[in-house]
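**Student:** Spelled out, the chains give:
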Amino acid sequence: MRANRIVAGVRIPHPVSNPAVAKDREIEVRTAFAKRALEVLATPVEGPTVFTVDHPGAR
Amino acid sequence: MRAVHYLNQFFGGIGGEEHADRPVEVKDGPIGPGRALEGEWQGAARIVATIIAGDNYASTRTEETEAALRTALEGHRPDVLVAGPAFNAGRYGMGCLTACRVAASLGIPHVAAMFPQNPALAMHENRGLVVLPTAETAIGMRKVIPQVARLALKLGHGELLGTAAEDGFLPRGIRRDVMHEETGAERAIAMLKRKLAGQPYRTELPVEAFDSVEPAPPLRELGRARVALITTGGIVPHGNPDRLKEYNSVAWKAYSIAGLDDLASDAWQPIHGGYDSTWAREDPDRVVPVDALRALERRGELGALDDRMYVTVGVGTPVANARRFGQEIARDLRERKVDGVILTAT
Numbered sequence: 009m010r011a012n013r014i015v016a017g018v019r020i021p022h023p024v025s026n027p028a029v030a031k032d033r034e035i036e037v038r039t040a041f042a043k044r045a046l047e048v049l050a051t052p053v054e055g056p057t058v059f060t061v062d063h064p065g066a067r
Numbered sequence: 487m488r489a490v491h492y493l494n495q496f497f498g499g500i501g502g503e504e505h506a507d508r509p510v511e512v513k514d515g516p517i518g519p520g521r522a523l524e525g526e527w528q529g530a531a532r533i534v535a536t537i538i539a540g541d542n543y544a545s546t547r548t549e550e551t552e553a554a555l556r557t558a559l560e561g562h563r564p565d566v567l568v569a570g571p572a573f574n575a576g577r578y579g580m581g582c583l584t585a586c587r588v589a590a591s592l593g594i595p596h597v598a599a600m601f602p603q604n605p606a607l608a609m610h611e612n613r614g615l616v617v618l619p620t621a622e623t624a625i626g627m628r629k630v631i632p633q634v635a636r637l638a639l640k641l642g643h644g645e646l647l648g649t650a651a652e653d654g655f656l657p658r659g660i661r662r663d664v665m666h667e668e669t670g671a672e673r674a675i676a677m678l679k680r681k682l683a684g685q686p687y688r689t690e691l692p693v694e695a696f697d698s699v700e701p702a703p704p705l706r707e708l709g710r711a712r713v714a715l716i717t718t719g720g721i722v723p724h725g726n727p728d729r730l731k732e733y734n735s736v737a738w739k740a741y742s743i744a745g746l747d748d749l750a751s752d753a754w755q756p757i758h759g760g761y762d763s764t765w766a767r768e769d770p771d772r773v774v775p776v777d778a779l780r781a782l783e784r785r786g787e788l789g790a791l792d793d794r795m796y797v798t799v800g801v802g803t804p805v806a807n808a809r810r811f812g813q814e815i816a817r818d819l820r821e822r823k824v825d826g827v828i829l830t831a832t
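One line per chain: the protein sequences are A and B, in this order. Take 9 as the starting number for the first sequence in this note's numbering and just add one per residue. Take 487 as the starting number for the second sequence in this note's numbering and just add one per residue.
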């Protein structure tokens, strides 16, 4: 693990989404990941750091 | 045994930087470090010719250098080619490894010597060559010459090299099948017992070390930032027009997502050989969230989503390839004035 800004994903085959969530709500999970990734890009880090997404579908 | 030696203009006794443009020339017998090699060999081998090229010439005019080296090596047909040592001199290192590549293409065994971080070793085409590690500067000459002499003799006699650890050269990333008396399970248990007992043990499968990267400073204003997407998840236009490989990637591609609201499943598909693609086939946005980012772009939460999506397939990819992809993509991103990148990996 050498990337410096890491957002912990859902599963390997769908890292930024969750097919277990109701079809019409799945976009909310992806949006939560996209927003978190943008926030993380604007966050200073010292070295490899793992961030999580605060959304019920994000795990 | 007959050896040919490759040197740059400095160690070849022609002169310093002012002679760095000198083309390839061939001289009879040993010069400079070559004399030290012959001293080690004590008559067991001799240097029949020394090939000398200027550092600039060898590092910039690769084709001409290769052609001249080929002519010289075909003419002398040595049992082994020795190159350097080049220490941490990048252009000299490139010349040495070009000489080694030409020798290898002619079936002539080769050995070079240089500092492990010599930039020439980072070049893709130089993977797999036999290179002994040296100190950073010529201070290490005395120490490395006996090692070069020993390995050159071994190679010149047609002996099979041992492992990198046994013969002291830099690991080449090559695996060779060998027969063992014990099965893998027995060897693993024996290794574990030695480890538990605090005794030295050596893995048969070392994990490749990764570089550390200095963290980039954070983006200041997301509302004005241009953000691009990269994925190692192998999402490509339907039908995989560029024939990206499903594993062991050798290339990356940039695809236009200009004006797209999402990655539609009839236009895009996963071709990754390392994960169950059921969910990505249904909706490729599950791997690259173009739909979510496009919506955020419309709401002004980021300045712009870049028109290019960068794609490769991350499974069984040699680190050297991955490093090259990274360098090439980073260059492209910089030219396109991209401020930040979201890379999704599967």
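Honestly, the hints are just simulated from the structure, not real lab data. Computed from a predicted structure; not experimentally measured. There's no promise every hint is true.
To be verified - A partial selection of chain B residues facing chain A, derived with a Cβ cut-off under 7 Å:
1. His505
2. Val693
3. Pro704
4. Leu730
5. Trp765
6. Leu788
7. Gly789
8. Asp793
9. Val824
10. Gly826
11. Thr830
As the list claims (entries may be wrong) - Here are the computed lysine-lysine pairs in the BS3-like style, where the Cα-Cα straight-line distance is at most 30 Å:
12. B:Lys823 to A:Lys43
13. B:Lys640 to B:Lys629
14. B:Lys513 to A:Lys43
15. A:Lys43 to A:Lys31
16. B:Lys731 to B:Lys629
17. B:Lys640 to B:Lys513
We put the beta carbon where it would ideally sit given N, CA and C, even for glycine.
**Student:** For each hint, tell me whether it holds in the structure or not.
**Tutor:** To see whether the hints hold, each was checked on the structure:
no. : hint                 : in the structure
1   : His505               : 42 Å, violated
2   : Val693               : 12 Å, violated
3   : Pro704               : 5 Å, holds
4   : Leu730               : 18 Å, violated
5   : Trp765               : 5 Å, holds
6   : Leu788               : 6 Å, holds
7   : Gly789               : 10 Å, violated
8   : Asp793               : 17 Å, violated
9   : Val824               : 11 Å, violated
10  : Gly826               : 4 Å, holds
11  : Thr830               : 6 Å, holds
12  : B:Lys823 to A:Lys43  : 21 Å, holds
13  : B:Lys640 to B:Lys629 : 18 Å, holds
14  : B:Lys513 to A:Lys43  : 66 Å, violated
15  : A:Lys43 to A:Lys31   : 20 Å, holds
16  : B:Lys731 to B:Lys629 : 44 Å, violated
17  : B:Lys640 to B:Lys513 : 24 Å, holds
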